[in-house]
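Asker: Sequence:
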Amino acid sequence: MNASLFKHAKWLWEKEVRCNRWMIFSKVIELDELPDSAWANIAAENKYYLYINGEIAVFEGGLNRGERNKGYFDSVDIVKHLQKGRNEILVKVWYWGNEGRNNVSCGSGGFIFACDGLGLYSDSSWGMLPEPAQMEVNEPYPTLNPMQCTLYGGYDIGYDARNALSHNDLFCLPPACELGGAGDAPWGELVKRPIPLWKFSRIKDYIDIIKSGERYLCKLPFGMQITPYMKINARGGERVDIRTDRYKIRGGPFGTHELYSVHRCEYIARKGVQEFEVLNWSFGERVIYTIPDSVEVIELGYRQSGYDCSPVEGFSCSDGDMNLLVKKCVTTMYACIRDNFMDCPDRERGQWIGDLSVQMPQMFYAFDKNSHALCKKAVYDIINYRIGSRIMGLVPGAQPIELPGQNLCAVSDVGMVAEYYEHTGDKTALKDFFKPLEQYLALWDFDYLSGKIITRPCDWYWLDHGDEVDNDILQNCWYYLGLRFLKRIAGVIGAECPARLEERMRAIKDNFDNNYLHDDGYTSGDLLDDRANALALLCGFVKKESMDTVLSVFDKEYRCTPFTEYYLLTALFESGYPELAMKRLRKRYSGLIHNKYSTLWEDFTVTGTYNHAWTGGPLVLLNKYGCGLRPLKAGYEELAVLPLDIGISNLETEIETVKGRIRVEVNRDGYFFQISIMSPDIPITVGVPLKWFDGREPRLLLNGRETEWETVGEHCTVKTCGTYNELMGRK
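Letter by letter, the sequence shown follows residues 1 to 731 in this note's numbering.
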């Protein structure tokens, strides 16, 4: 608990604990002068909406907790909402009492407010009343999972406007109930919110509204997080139903027989003109209102809200299909971030850390630096929410799961923590992660004679969707990549990698061909799995004489979900086969590009959700390999611009890094090419694929002057590279 921040504040709530409870708090203060700032520290279980003088000051404050004995508080400067004289402060707090794959319940509602600058603290001088308009909704209810928990926190909204309080009544509430000091609140330690408050729009008009009987089908610009709004004139007593087109959602691939109901709203109108906004965000591309004909519809609209980051200029090229694909990647990714990373914003909102390994690099290529805070929070989620030595997936949340296929991916040399470090250079996070990673990898027993890990018990032995998965190869490859990352961290932070774990690395590599290589590719049995061969390639196990055999697998086997397809394509790009990578990318993503949806499906066919961010890998691949833009040293201490030949003549991108904005343009016309770079003053290595010269002697011009070059791998690079200003002749 940040005791000094809340020492004068009281924990306010009713004594009897009831789930799904809306509470109203109000306070009137008089100000002779306005202060320069007025920082309010606010904690609420679970969500709150703060209105000052009729304006929204905080829209859905509060952050989903990950531990029962720890919560978050928000800190917000409210001075811009204040005025001289009378100020009306209204807070609506929604206590869920349930929990799911994105939150843990502390067992009681509560509200605490402390603003030293105004001398304003939560206590019995505030008014407090349970929302009299709240009502229970009819069936159907949100789907429970097998553990009898909702897939994510919250309930359907039920609101009977006939019982709503007038404006005057809102500021004449009974005195609030003090249940103790802030330290007595059930959430225990309060930690300052590590990510920004949500950004939110004004109420906007829908793109299109189609009326069919009592049904209003309202189109949004694209799939987004929204709260629906309406203004109507009613006789009184009419019932309105509000939901999105994603109200019924299928289970994941190979679980499509499951159908989940998510959240909706039931509203009972009062007599006369009234406005209502559903204060429970939902996701969709369309909002569906069912409104009786006796009700006059004056206005229908929505408010968009979401994580406070903005898309950067990003990737574009001369290929329309790739532009559309990247646009869908960005839209999908933004729909899947809020309190935490989500696999999907409708079905469950869980932060699966394998999914996150494909999501994390997208953040660095698609959004501004505000997004980095959520990435850091996700890294520390898997550090902080371990159970013993076990790293858990699906954290934060009430249902942590250890599934080694996702966990080993997340902690690998190509996983979420590695990607976070590459793009931020955050060595502190690496130091904090080193020991948990070492302890986790040590949980496996190892057979040194065969060079294989021994499968150990876990909550869910998952390595990818489907029944036909070569688990033996996949788990050994992911484990090897985890060991490789441990060794890499040790080198960065000056630690010692345990000798027994390094010995395991050698044993896996030395025995890999003997264990798995056959005439048709790598397999541990009768199943020829493209995923297994991709990871063998990514690990560097494939020898030159076996390369054609492995590459042929990728022309005939298509078992990958989008999750593992990302690593297959990465392996091809990293191994020098960009043409094959692009051929497969186009084949696999064709259906996702050419359909009516603004977001990407969970699988390559229409199964699972229609918006699943583990499918957005091409956003990273086109930036990293098409434009060739990547950190050469972690945190962009050095920059590489080394494009590959992906068969597109004109490409450009602009991203925001920890060092500042970087813009790259790559244009090719026959044997002539041009790379343009705008960058902070950091060292740059720049070059072009040797194959572009088609056997001719390379000739490179730097700012119009001929320059020396050298061969580095598959690239012809400028020999004397320096910082951006040096290359521009400014130093």
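Think of the hints as simulated: they come from the structure by calculation, not from any bench. Here the structure is a predicted model, which is why all the values come from computation and not from measurement. Just so you know, not all the hints are guaranteed correct.
[Unchecked claim] Simulated pairs of lysine to aspartate or glutamate, EDC-like, Cα-Cα distance not exceeding 20 Å:
id : residue 1 : residue 2
1  : Lys596    : Glu574
2  : Lys509    : Asp472
3  : Lys659    : Glu313
4  : Lys633    : Glu574
5  : Lys543    : Asp513
6  : Lys231    : Glu178
7  : Lys84     : Asp156
8  : Lys199    : Asp74
9  : Lys556    : Asp510
[To be verified] Restraint-style ranges between C-beta atoms, simulated for each label pair:
id : residue 1 : residue 2 : range
10 : Glu313    : Asp293    : 42 to 52 Å
11 : Asp36     : Pro498    : 34 to 44 Å
12 : Glu258    : Lys219    : 20 to 30 Å
13 : Cys458    : Asp36     : 52 to 62 Å
14 : Glu710    : Asn69     : 53 to 63 Å
15 : Lys219    : Lys543    : 17 to 27 Å
16 : Gly119    : Ile209    : 41 to 51 Å
17 : Val712    : Tyr671    : 18 to 28 Å
18 : Glu258    : Ser318    : 21 to 31 Å
In this text, a Cβ means the ideal position worked out from N, Cα and C, and glycines have one as well.
Asker: Now tell me if each hint is right for this structure.
Answerer: Evaluated hints:
{"no.": "1", "hint": "Lys596 <-> Glu574", "result": "violated (33 Å)"}
{"no.": "2", "hint": "Lys509 <-> Asp472", "result": "holds (14 Å)"}
{"no.": "3", "hint": "Lys659 <-> Glu313", "result": "holds (16 Å)"}
{"no.": "4", "hint": "Lys633 <-> Glu574", "result": "holds (17 Å)"}
{"no.": "5", "hint": "Lys543 <-> Asp513", "result": "holds (9 Å)"}
{"no.": "6", "hint": "Lys231 <-> Glu178", "result": "violated (37 Å)"}
{"no.": "7", "hint": "Lys84 <-> Asp156", "result": "violated (39 Å)"}
{"no.": "8", "hint": "Lys199 <-> Asp74", "result": "holds (14 Å)"}
{"no.": "9", "hint": "Lys556 <-> Asp510", "result": "violated (28 Å)"}
{"no.": "10", "hint": "Glu313 <-> Asp293: 42 to 52 Å", "result": "holds (48 Å)"}
{"no.": "11", "hint": "Asp36 <-> Pro498: 34 to 44 Å", "result": "violated (54 Å)"}
{"no.": "12", "hint": "Glu258 <-> Lys219: 20 to 30 Å", "result": "holds (28 Å)"}
{"no.": "13", "hint": "Cys458 <-> Asp36: 52 to 62 Å", "result": "holds (55 Å)"}
{"no.": "14", "hint": "Glu710 <-> Asn69: 53 to 63 Å", "result": "holds (58 Å)"}
{"no.": "15", "hint": "Lys219 <-> Lys543: 17 to 27 Å", "result": "violated (54 Å)"}
{"no.": "16", "hint": "Gly119 <-> Ile209: 41 to 51 Å", "result": "holds (48 Å)"}
{"no.": "17", "hint": "Val712 <-> Tyr671: 18 to 28 Å", "result": "holds (20 Å)"}
{"no.": "18", "hint": "Glu258 <-> Ser318: 21 to 31 Å", "result": "violated (42 Å)"}
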